[in-house]
Amino acid sequence: MIANLAQLAAEETEQNPLIPAGPELLVGTIAFAIVFFFFWKKLLPNINKVLEERRAAIEGGIEEADAMKVEAQSVLEQYKAQLAEARHEAARLRQEAQEQGAALIAEMRAEGQRQREEIVAAGHSQIEADRKAAAGALRQDVGKLATDLAGKLVGESLEDHARQSRVIDRFLDELEEKAEATR
Amino acid sequence: MSDNGCGFPAPGLHSFLFKPMATVGGFEFNKVMLLALVTTVLVIAFFWAAFGNAKVVPGKLQMIGEAGYDFVRRGIVYETLGKREGEKWVPLMVSLFFFIWLMNIWSVIPLAQFPVASVFAFPLVLALLVWVLWVGLTFKRHGFVGFFKNITGYDKSLGAVLPLVMVIEFFSNLFVRPFTHAVRLFANMFAGHLMLVMFTIASWYLLNSWMIPAAGISFVMTMAMICFELFVQAVQAYVFVLLACSYIQGALAEHH
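Going down the list, the protein sequences come from chains A and B.
Position 53 of the first sequence, counted from 1, bears residue number 52 in numbering that gives the first Met the number 0, the numbering being contiguous throughout.
Position 141 of the second sequence, counted from 1, bears residue number 140 in numbering that gives the first Met the number 0, the numbering being contiguous throughout.
No lab work stands behind these hints: they were computed from the structure.
Be aware that a few hints might be false.
[Said to hold, decoys possible] Listed next, the stretches of chain A that the computed footprint assigns to chain B, with coverage defined by at least 3 CB atoms under 8 Å from CB atoms of chain B:
id, segment
1, 44-58
2, 70-79
3, 122-135
[Stated by the list, open to error] Here's a subset of chain B near chain A, in silico, CB distances under 10 Å, partners left out:
id, residue
4, L12
5, F46
6, F98
7, V144
8, M165
9, V182
The C-beta atom is built at its ideal place from N, Cα and C for all residues, glycine as well.
Please construct the entire structure, taking both the sequences and the accompanying hints into account.
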């Protein structure tokens, strides 16, 4: 055992851990070079491509969401505009109806007025006609009564109709003229 | 070494030596190299499964892969280099992070149980790669004079101490930096492995008669160390990549 340890100790005096062995340097270099080569040429380009795709996909998703938001906003504004327009239209229709109603009432009032005036006018003309007829009849009766009375007073018949009526008419006309003049 | 005759097989530098598993034409192939190559295969296999047939709507595996990828890309590269400058460095940094992390994780995987990064050659090649890229980029961006101004921290306002600062910065940046970059990862994994081996062996070694409680404590410590190592493994992978990015960032900066 002691001999063994002595041998180990002897080996250790020769061994300096800070002096690298050539073969180990070579293997270390090769081992790392292979790792680096694979990372550099294959593995990292691979994952970078995918990471880039993922980033693009996420950005695309965000863009899509943004676009949808914008669209929703525009639709909302459209609805609001339509609603406002509808309100406006309703107000306009109400106003129009009011105006129309007012116009109708005014028209009907005018019509009523017109009819009343017509009726009044018709009444007036009727009265005028009646008056004229009454006046005519009165004139005849008065003439007849006058001649009868005069005949009785004179004692002679004033039967000559033609002459008679001319005289009466002239008398009555004079009367009327007098009446006109006094009016 | 424990030479007191108790026979405790204490871990030491020999724990980091492996007998060749196969020798091909004088090339001695050992367990660490095998683990390094299996790391390569597993990293590629996982990300091939995750990203090989990537979908816009990811599956579980792709989601996990994307989380890891995003962590390095946004959390480290974009943070330090910005999106515009950082983009072309993403493949390198992603490869570095997952390669280193898995190399470290072997520390606690049964049967493997060895962090590949605890063999200095492996962190060293990665640190040298970053160093070469950094130096090349600094030359390309700043030209020959600009390169020296950049790496010597040339600043007239320093006055008399400027030459001293320039000498220190020159060595610090050009020679010490790649070394510390590699050693930081190496030493963490190295020490972590020693601790794990130590407690693992102890919990077996102490397993007799009145020592059994001590063995129990040792076993609990082993478990605790495994958890702690899982944390350190991830942190060291993160730190390595973060430093790589900050070096590159220094090369891109207009003024040092």
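These are the hints, each one checked on the structure:
Residues of the segment 44-58 of chain A with a Cβ under 8 Å from some Cβ of chain B number 8, which satisfies the need for three, so the listed coverage holds. Closer than 8 Å: that is the beta-carbon criterion, and the segment 70-79 of chain A has 0 residues meeting it against chain B, so the requirement of 3 is violated. Coverage of the segment 122-135 of chain A by chain B is violated [criterion: at least 3 residues with CB-CB distance below 8 Å; count 0]. Interface restraint check: B:L12 against chain A, minimum CB-CB distance 5 Å, threshold 10 Å, status holds.
The interface hint given for B:F46 holds, since its Cβ lies 5 Å from the closest Cβ of chain A, which is under the 10 Å cut-off. Against a cut-off of 10 Å between C-beta atoms, the interface hint on B:F98 holds, since the closest Cβ of chain A lies about 5 Å away. A distance limit of 10 Å between C-beta atoms decides the matter here; for B:V144 the minimum to chain A is near 32 Å, and the interface restraint is violated. At about 28 Å, the closest approach between the beta carbon of B:M165 and any beta carbon in chain A exceeds 10 Å, and the interface hint on this residue is violated.
Interface restraint check: B:V182 against chain A, minimum CB-CB distance 8 Å, threshold 10 Å, status holds.
Taken one by one, the earlier hints fail for this structure at numbers 2, 3, 7, 8, listed in ascending order.
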